[in-house]
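Peer 1: Top to bottom, those sequences are chains A and B.
Numbering-wise (the UniProt record's numbering), the first sequence opens with residue 1 and increments by one.
Numbering-wise (the UniProt record's numbering), the second sequence opens with residue 1 and increments by one.
If you are wondering where the hints come from, they were derived from the structure by calculation, not from laboratory data.
Quick reminder that beta carbons are idealized off the backbone N, C-alpha and C, glycines included.
Treat each hint with caution, since some may be false.
[Said to hold, decoys possible] Short derived list, chain B residues pointing at chain A, Cβ under 10 angstroms:
{"no.": "1", "residue": "W43"}
{"no.": "2", "residue": "T66"}
{"no.": "3", "residue": "T98"}
{"no.": "4", "residue": "Q102"}
{"no.": "5", "residue": "D113"}
{"no.": "6", "residue": "A115"}
{"no.": "7", "residue": "S124"}
{"no.": "8", "residue": "A127"}
[As the list claims (entries may be wrong)] So these bits of chain B aren't anywhere near chain A, every CB distance computed over 12 angstroms:
{"no.": "9", "residue": "A32"}
{"no.": "10", "residue": "A62"}
{"no.": "11", "residue": "L71"}
{"no.": "12", "residue": "V76"}
{"no.": "13", "residue": "V78"}
{"no.": "14", "residue": "A103"}
{"no.": "15", "residue": "G119"}
{"no.": "16", "residue": "A122"}
{"no.": "17", "residue": "R125"}
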Amino acid sequence: MTAVDTGLAAEYAAIYAYGAMAVHLDGDPRTLAEALESEHRSRRDALLDYYDAHGLEAAPSQAGYDIEHVEDAAGAEAVLLAVELNVTTAWRSGVAATEPTEREISMRMYADSAVSLARWRLAVGQPFADPWPGRPE
Amino acid sequence: MFTTRRGLLIGAVALAAAGCTRETAQIITSDADLTTALNTARWLAAAADALDFGDLAEDHRAHVTTLERLLRPNVVPVVEDLGQLPADDAALAEAEATGSRQAADACLATESDFAVVLGEIAASRAAHAAVLA
Numbered sequence: 001m002t003a004v005d006t007g008l009a010a011e012y013a014a015i016y017a018y019g020a021m022a023v024h025l026d027g028d029p030r031t032l033a034e035a036l037e038s039e040h041r042s043r044r045d046a047l048l049d050y051y052d053a054h055g056l057e058a059a060p061s062q063a064g065y066d067i068e069h070v071e072d073a074a075g076a077e078a079v080l081l082a083v084e085l086n087v088t089t090a091w092r093s094g095v096a097a098t099e100p101t102e103r104e105i106s107m108r109m110y111a112d113s114a115v116s117l118a119r120w121r122l123a124v125g126q127p128f129a130d131p132w133p134g135r136p137e
Numbered sequence: 001m002f003t004t005r006r007g008l009l010i011g012a013v014a015l016a017a018a019g020c021t022r023e024t025a026q027i028i029t030s031d032a033d034l035t036t037a038l039n040t041a042r043w044l045a046a047a048a049d050a051l052d053f054g055d056l057a058e059d060h061r062a063h064v065t066t067l068e069r070l071l072r073p074n075v076v077p078v079v080e081d082l083g084q085l086p087a088d089d090a091a092l093a094e095a096e097a098t099g100s101r102q103a104a105d106a107c108l109a110t111e112s113d114f115a116v117v118l119g120e121i122a123a124s125r126a127a128h129a130a131v132l133a
């Protein structure tokens, strides 16, 4: 499994999670959630273009993902925070790739995902500053 | 001196252990990418402090601490004259974005083991820029 495969899998899972969680959100968090879901879809599409351009076969998304069942906005916000962190961590690991194109796409996706993570942290009232986005603790 | 094969082997091991081999000594030189990232991190920390973004300044200081450690035993002198610092949030956002691109370019170009740390710094600065913008 390549770094891009791992990142694509994380983007698929994020799209699924936003679809499942948005119903619990209202107001600004809902608006931002919809914007971030759209960004994840754009990244997925860019990645699928990358696979096509390189004659590679992308893994399809799964029919479902194992995400926590939530009842309210606070639960949905927490799930989506974990999702954004997971995506950022996945792309961070791709930056270590020795294959130049893989490293380049991972770096671009990593910076974008760090931005999404910061925006979601702000939306849910958490500090957004982070010197090492996505670094496992 | 080494009259037997075993004696010759022991002698070779002793000489190698003492550092008396023909291996070329390597001079530890400062990594240019890390040095550039360090100078930018110091400047961005001062810039963020000047505009009262203490949390952003803390991120940059974390980068400074790590980069200084990675560069040891080399020490990069602190530049006293930081030049003109950003006058407002928009200018700081632009400076963060420029610093992010600089670190990302270094991440992509480096052949060292520091690609991830340079990538992390680029991502952190990109997040700062986006939130400030």
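Peer 1: Which hints from the list above does the structure break, by number from lowest to highest?
Peer 2: 1, 3, 4, 10, 14, 15, 16 and 17
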